[in-house]
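K.L.:
Work out the full structure: start from the sequences and follow the hints.
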Amino acid sequence: MRDNSRGATRTPVKPMGRPKKSAPDSMGKQKSILGFFSKVAPPGANGSTSSSTIRHTPNPDQTETLKARSILVPTLASSSARTEHGATFPQPLRKDGHEDERHNWDRTALLEACGGGGDDDDEECEIENNNVDYDNRTPSGCLSLVVHGMEDIGVSDDGNTHQKEKKRKRQPEDSNPRKRSTVPSPSEDPDDQESQVMCQWRYDPNNVRPPQPAQPRPAILQPTSAASSTKGKDKAHNIKEPRGRSAWLANVMDMEKRTPDHPEYDKSTLFIPPHIWNNFTPFEKQYWTVKQKYWDTVVFFRKGKFYELLENDAILGHQLFDLRVTERINMPMVGFPVSSFDTWANQFLSKGYKVARVDELESALGMEMRVRDSAAAKKQKIIRRELGCVLTGGTLVEEAMLHDDMATYCAAIKESTIDDKPAFGIAFVDTATGQFYVSQFQDDADLTKFETFVVQTSPRELVLEKSRLSAKALRILKNNATPMTIWNHLKPGTDFWDADTTRLELDSGDYFVSDEGTIWPETLAKARDNDLLLSAFGALVHYLRTLKLERSLLSRGNFQLYNPIHRNGTLVLDGQTLINLEVFANSVNGGSEGTLFKLLNRCITPFGKRLFRQWVCHPLCNAQKINERLDAVDVLNADCDIREQFSAGMTKIADLERLISRIHAGSCKPNDFVRVLEGFEQIEYTTSLLRTSSGGSNGIIGRLLTSMPNLSEPLDYWKGAFDREKAREEGLFIPSRGIEDDFDRGSDNIDRIKRELQTLLTKQKSALRNRSIKFADIGKEVYQLEVPKAVKVPKDWRQISATASVKRYYFRELDGLIRELQEAEEIHLQVIRDITSSFYRRFDVDSETWLRSIHIVAQLDCLISLASLSSSLGEPRCRPRFVDEERSVVEFEELRYLCIPVDDFIPNDIKLGGDEAKINLLTGANAAGKSTILRMTCTAVIMAQIGCYVPAISARLTPIDRIMSRLGANDNIFAAQSTFFIELSETKKILAEATPRSLVILDELGRGTSSYDGLAVAQAVLHHIASHIGCVGFFATHYRSLTAEFDKHPEIRPRRMRVYVDDVHRRVTFLYKLEDGVAESSFGMHCAAMCGIPGEVVEKAEVAAQEWEHTSRLKESLEHAKAGCYIPLGVLSDVSNMLQDDGHGMTEHAVDVLLRAIEAF
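Quick note on the working numbering: the sequence shown kicks off at 211 and runs consecutively.
It should be emphasised that the hints constitute simulated quantities derived from the structure, not laboratory data.
Worth double-checking, as some hints may not be accurate.
[Unchecked claim] Below, in silico cross-link-like pairs of lysine-lysine (DSS-like), each with a Cα-Cα straight-line distance of 30 Å or less:
no., residue 1, residue 2
1, 936, 990
2, 591, 515
3, 1002, 975
4, 835, 808
5, 515, 503
6, 701, 688
7, 936, 984
8, 984, 973
9, 736, 701
10, 758, 591
P.N.:
Structure (structure tokens):
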């Protein structure tokens, strides 16, 4: 047989058509990919290849599976595979004639990569320059795969070439080969002109010599000889060496040439030697320009219809997700379709990685037009690409990537000291909505405010000043962080800006430009002199700048002051209380299941849910405002039409708060823009119905509806501005006639060209005398003139494709019109992009109106959520009654615990303060329900003060200003803090911060140390909160001697959990009922027996407890003392203080309690 391959001549690949019979006008020098699998080499010495190719035979251990451009394609396992075109791909065989599994390559992927099935805009066949020969011996000869350097694969329309014994006639040398259309297709990408390779199958029955060892390639960084330098440009690196990468990749350094073991090493950058940089191709330079600044980030690089991961990112994708790796320009590569970017970006983000996206700014046709029109652009004939954004887990903005409706925060923290007290500057942002929060505050030694901030916001990403955060603050962050929290440590000064640098950058950055110049937003302007706040905000701005987000977020000017603890007007829930009560995260796995917020939240809209979380963080403390909410709940439950109308209208509404932020940034999708318009139209319609249903009430609902801005005026413009159906389905803005003149002119021009094409078609039908001639679009080769085979066409027409019955042609006049149409459509596409930006800017003019309406709807949603929750509590339920009395009171009748969803929950009466003692001294057996009583009371107070009904027959209370808790037993090994140390730290905070209006719960204080020390601490603390602070609350304990010590105290009431005890079998039945009295025992031995501890061990333990437990002896001594004249130590201490300090150390409340205690004796 003869080999008709053409050597070095490049033929661009086109999609493979159906096989057909050979035709003289379609042969010539163009080669067939199908013929590669059936041709044999021409006879020659040792069966060598033609002189235009160089053959390399690797060692067996260097042989790798041939990978094509397409990935994740099922592999064919049969010895021969027949394609849909009728071609048979031979399966490589071993010497024994069986299939060689090493070379079970993906034939479908190979066919697609070579033009048979791909639809990539700018990809040609890219079986990269592996320089490999596959020699698979059979008894009759050798099947060789020769991979060469700088050639392409050409595909002809010739079909039946799978029969190896059939010879093909050599075409006459003067025959005119079919040339490729001169009409450029946007699918061609010039980026790969230096990276394309050629693949040939050659079968030589005369070549039976054994495989030759591969010649070692020269070291990459070694100087090359003059002879080798003429063969082509040296590659900057090669994945084959020395499994083996270049020194600058094998031993990485940052851009300052620091190695990873250097304390100042910057893992986000990479040093590339200048001589390596000079050897890069234009495509490589584009890639490494981005990658060297984002070395620790997974870079998705746009290439036509694909995003590609290259170099380390490709290897990472293979290791994490078992993705198949091929090569591009001697770099490992993994490719994804553009449509799957969100999916794979989320996969990497879920593993804690950052993701960068590099987008194309023009198409191949647009590049050609730019190069043609600009002399300077001809020097860089490559598609322009630019870093579009960098995604991290804490700064996601796209709705498709956000996993829930709650806010995700990225926070920057600056710590210092002011007057020897810790002080913090904090700035954090919800990038999805563009809402910034800033704060500066002094804290106590326990960093209460800072811990509260961390628990309330749960930041997903942290920006910290490197080596400047205190150990205590760092410990709080680590204790409340999740494994998915992203930590960023910035260098002080250069990356973590100081206050002066921040002021300078904000003034010169044109972030807050208006007609009157640069004017900072009001909130930020008031904080201009707060250095800590500005330093933290500067660090956040610098970090957002690296993510390409800062300008779109700052220009919104959406800033709000943040205070973790509002002391006036709200119920304070500090961080420790939020944790102990499991308000936002449970203690099992840190999730939201079973938490108070999840049970209370019945909001419908996403922005309503985010506002409701703030309501739970800061319940009201003003009785008037609480009653206003309760009145609204009563109105909504009395008239279900309002709730039903609101729910029906708002159920399917989009997250408008997030989407208008994307509109401001100019990155909203057209279909999402339609959803935004429809959402505001629904808001306008629903609020009009609510105004009618509410009847103009004067309550909070009426005020909200009255304050709703008029949306009809800004919405009127958008009703006919563009075709919503096309925007929703095709993702394009097609403005109505007369809205955009440039669009109208472009559309008219395109219509004119199409009419000329139809005129040309009519003309050719008449000229060729055939009415069946028509235009056909095959792939991206559009407007091919389809002519029956029997019709003779002019000789200067070029055949483009064919079937069994027709042939398709281009000719000069048609080429010109098609080219004109393509350029007109390219220009029109740019006009549409400009129109999109114009629409977004016009919509953003009314941003204040949109935001105000969203905030009002969110408040209505929260009120309706409270009403829905109140009506679903079951019976009994009641509206809490708030009283204004000097003496604090918390009373609930038959209160149930909402967080335990059981039908047979045993309710209990809670009475604290008022006519009763303020403190309940609670005793009882282990697991009898003491901790449940404590948490149930606190959650009922929170529900009442956010404006909700409570699950009880009646509820009467004065507004509580703070809930403080000491629950559970925890230690911190890494901070060298024992359980007892943490107990005392939390107790100290209670003693320092609690007021007579506070609700305090302490559970088993003192159990973290010896019984004697623990009892002493518990006794002193109980006396102080009951006699000196005067707060209401519970004190749960197993120290029964405390009940004897405070038996006559006027503000302490002994309570216990009722149980039934079976002493014979050592079993305890818990009745979960709260009653007056003192528990007989903690029944620890009974619980031990119930847990399966051996009986003899329990008996010995019981004897030892009776003989040695000093608390029992203390109780006995107290009983003996009471037989005479016994005065509790707390009373003696208070009397002593009055006598020594003339009463200056005693408050009026403490003196009153002391007098009543003395009177009780």
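K.L.:
Each hint: holds or not?
P.N.:
To see whether the hints hold, each was checked on the structure:
For the hint linking residue 936 to residue 990, the alpha-carbon distance of about 22 Å falls within 30 Å, and the restraint holds. Using a Cα cut-off of 30 Å, the hinted pair residue 591 and residue 515 holds, with the two alpha carbons roughly 19 Å apart. With a C-alpha separation of about 12 Å, the suggested pairing of residue 1002 with residue 975 holds against the 30 Å cut-off. For the suggested pair residue 835 and residue 808, the alpha carbons sit about 24 Å apart, so the restraint of at most 30 Å is met.
Between the alpha carbons of residue 515 and residue 503 the distance comes to roughly 25 Å, so the proposed pair stays at or under 30 Å and holds. For the given pair, residue 701 sits about 20 Å from residue 688 by alpha-carbon distance, which is consistent with the 30 Å threshold. For the hint pairing residue 936 with residue 984, the CA-to-CA distance comes to about 28 Å; that is within 30 Å, so the pair holds. With a C-alpha separation of about 11 Å, the suggested pairing of residue 984 with residue 973 holds against the 30 Å cut-off.
The hinted pair formed by residue 736 and residue 701 meets the criterion: a straight-line CA distance of about 27 Å does not exceed 30 Å. For the proposed pair residue 758 and residue 591, the alpha carbon gap of about 26 Å is at most 30 Å, so the pair holds.
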